[in-house]
Amino acid sequence: MRILLLLILSFSSIAFATEDVIDFESKKQEELYRVLVKELRCPKCQNQNIADSNAVVAKDMRVKTVELVKQGKNKQEVVDYMVDRYGQFAHYQPPLNSATLLLWVVPIGFMLLALLLLSRRSINKEDGLSVAPVVEEDDELKALLEEANVDVKQQKGNS
Amino acid sequence: MNKKILVTATPLLFFIVLLMFLLKGLFSDPKERDSALIGKSMPSFELPDLMNEKVIHSETTLKGEAVLLNVWGTWCITCKYELPYLTKLRQEYDVKIVGLYYDQNHAPEFGQYADIPSIRVEVVDMTNRLGNPYLYNILDLDRTLSLNLGVTGAPETFLIDKNGIVRAHHMGDVNERVWRDKLAPIWNEMN
Numbered sequence: 001m002r003i004l005l006l007l008i009l010s011f012s013s014i015a016f017a018t019e020d021v022i023d024f025e026s027k028k029q030e031e032l033y034r035v036l037v038k039e040l041r042c043p044k045c046q047n048q049n050i051a052d053s054n055a056v057v058a059k060d061m062r063v064k065t066v067e068l069v070k071q072g073k074n075k076q077e078v079v080d081y082m083v084d085r086y087g088q089f090a091h092y093q094p095p096l097n098s099a100t101l102l103l104w105v106v107p108i109g110f111m112l113l114a115l116l117l118l119s120r121r122s123i124n125k126e127d128g129l130s131v132a133p134v135v136e137e138d139d140e141l142k143a144l145l146e147e148a149n150v151d152v153k154q155q156k157g158n159s
Numbered sequence: 001m002n003k004k005i006l007v008t009a010t011p012l013l014f015f016i017v018l019l020m021f022l023l024k025g026l027f028s029d030p031k032e033r034d035s036a037l038i039g040k041s042m043p044s045f046e047l048p049d050l051m052n053e054k055v056i057h058s059e060t061t062l063k064g065e066a067v068l069l070n071v072w073g074t075w076c077i078t079c080k081y082e083l084p085y086l087t088k089l090r091q092e093y094d095v096k097i098v099g100l101y102y103d104q105n106h107a108p109e110f111g112q113y114a115d116i117p118s119i120r121v122e123v124v125d126m127t128n129r130l131g132n133p134y135l136y137n138i139l140d141l142d143r144t145l146s147l148n149l150g151v152t153g154a155p156e157t158f159l160i161d162k163n164g165i166v167r168a169h170h171m172g173d174v175n176e177r178v179w180r181d182k183l184a185p186i187w188n189e190m191n
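Residue numbers (my numbering), protein chains in the order written: chain A, 1 to 159; chain B, 1 to 191.
So that you can see chain A by itself, here it is in the shape it has in the complex (with noise of 0.2 Å):
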């Protein structure tokens, strides 16, 4: 088992072993493109960052990336650049517009839903409106117990 976990851990490393070697003039510039190269999106891949994708456009795009991060260009003006050549498919953090405004407000709005429905229920118990049903069930099922009974009893009787 425990050979079996650290392979799994082995291979999954090698998607990330895909970095080269750069010389920025600063930390901070080195900083800026390990955090654009992960979030700015391969547009010819399904689902990879520009960092793990070995495609062409994925190579162009790194490249053209250390080339504006070394113009001193800034996160968002790097990630505009990218959006508008390869439009928001291109960043992994959808802005909120019409497009997207659904994926903002349907889980918000899921909330509210539960917490509105699960205060209704609390209220309805304080009512004790639920409570009132279960007595005249019992008062039924007595009833039936007893019909039941008398049932038994004449059955004994007749054997």
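Since the hints were derived computationally from the structure, they do not count as laboratory data. Cβ atoms here follow ideal geometry from the backbone N, Cα and C, with glycine treated the same way. Be a bit skeptical, because a hint or two may be false.
[Stated by the list, open to error] Dumping the calculated DSSO-like pairs for lysine-lysine here, alpha-carbon to alpha-carbon at most 30 Å:
| no. | chain 1 | residue 1 | chain 2 | residue 2 |
| --- | --- | --- | --- | --- |
| 1 | B | 80 | A | 59 |
| 2 | A | 64 | B | 63 |
| 3 | B | 96 | A | 44 |
| 4 | B | 96 | A | 38 |
| 5 | A | 44 | B | 4 |
| 6 | A | 64 | A | 44 |
| 7 | A | 59 | B | 3 |
| 8 | B | 182 | A | 142 |
| 9 | B | 40 | A | 59 |
| 10 | B | 182 | A | 44 |
| 11 | A | 44 | B | 40 |
[Unchecked claim] For the chain A half of the interface with chain B, some residues (derived, Cβ under 7 Å), not all of them:
| no. | residue |
| --- | --- |
| 12 | 43 |
| 13 | 44 |
| 14 | 57 |
| 15 | 60 |
| 16 | 63 |
| 17 | 85 |
| 18 | 86 |
| 19 | 89 |
Starting from the known structure of chain A, fit chain B onto it as the hints suggest.
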């Protein structure tokens, strides 16, 4: 009673919505992307002709007439299947087709250089065999124009109107279905 219907109907409703969502996914093309360039003008560029590096093309070369810009390469297998149909478009519908040659191997930052003379030989050989739809080919060796156009690979096709505005962007090959359903309506509107 109403409450009971609501309680039974909610999971069913939820299921139907989920079913429709998944059904839609079944028939959608995962490679389909909204192009960011539609309605914008062609990015500016200055690139040599594939066959003669002394001839320089720029965005002004493309202006004046509507063109179909086809991103391709001899290494790309789908492009091979596209050549005869594009040739037919040129001959039968008089579509002006310009090639943007996309080379995969050229990457100076990784020490890889494209062999231009052998690309020329391959291009001549392939277009002789399968048809030559191109008026001329622009050589985008370091893929800067391709990046500016939002090209993700080859083949890809753009329709550019006479004012140099990008009107359509198609990823994948152009065949009869794609031309009829997607590109021809825009092409006819442009001309």
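Tested hints:
1. B/80 with A/59: 24 Å, holds
2. A/64 with B/63: 28 Å, holds
3. B/96 with A/44: 28 Å, holds
4. B/96 with A/38: Outside the cut-off at roughly 40 Å; violated.
5. A/44 with B/4: 49 Å, violated
6. A/64 with A/44: Distance of about 16 Å is within 30 Å: holds.
7. A/59 with B/3: 58 Å, violated
8. B/182 with A/142: 75 Å, violated
9. B/40 with A/59: With Cα atoms ~25 Å apart, residue 40 of chain B and residue 59 of chain A stay inside 30 Å; holds.
10. B/182 with A/44: 21 Å, holds
11. A/44 with B/40: 22 Å, holds
12. 43: 4 Å, holds
13. 44: 4 Å, holds
14. 57: 5 Å, holds
15. 60: 5 Å, holds
16. 63: 6 Å, holds
17. 85: Nearest chain B Cβ about 4 Å off; hint holds.
18. 86: Check passed: Cβ of residue 86 of chain A comes within 5 Å of chain B, closer than 7 Å.
19. 89: Hint holds; residue 89 of chain A Cβ to chain B Cβ min 5 Å, cut 7 Å.
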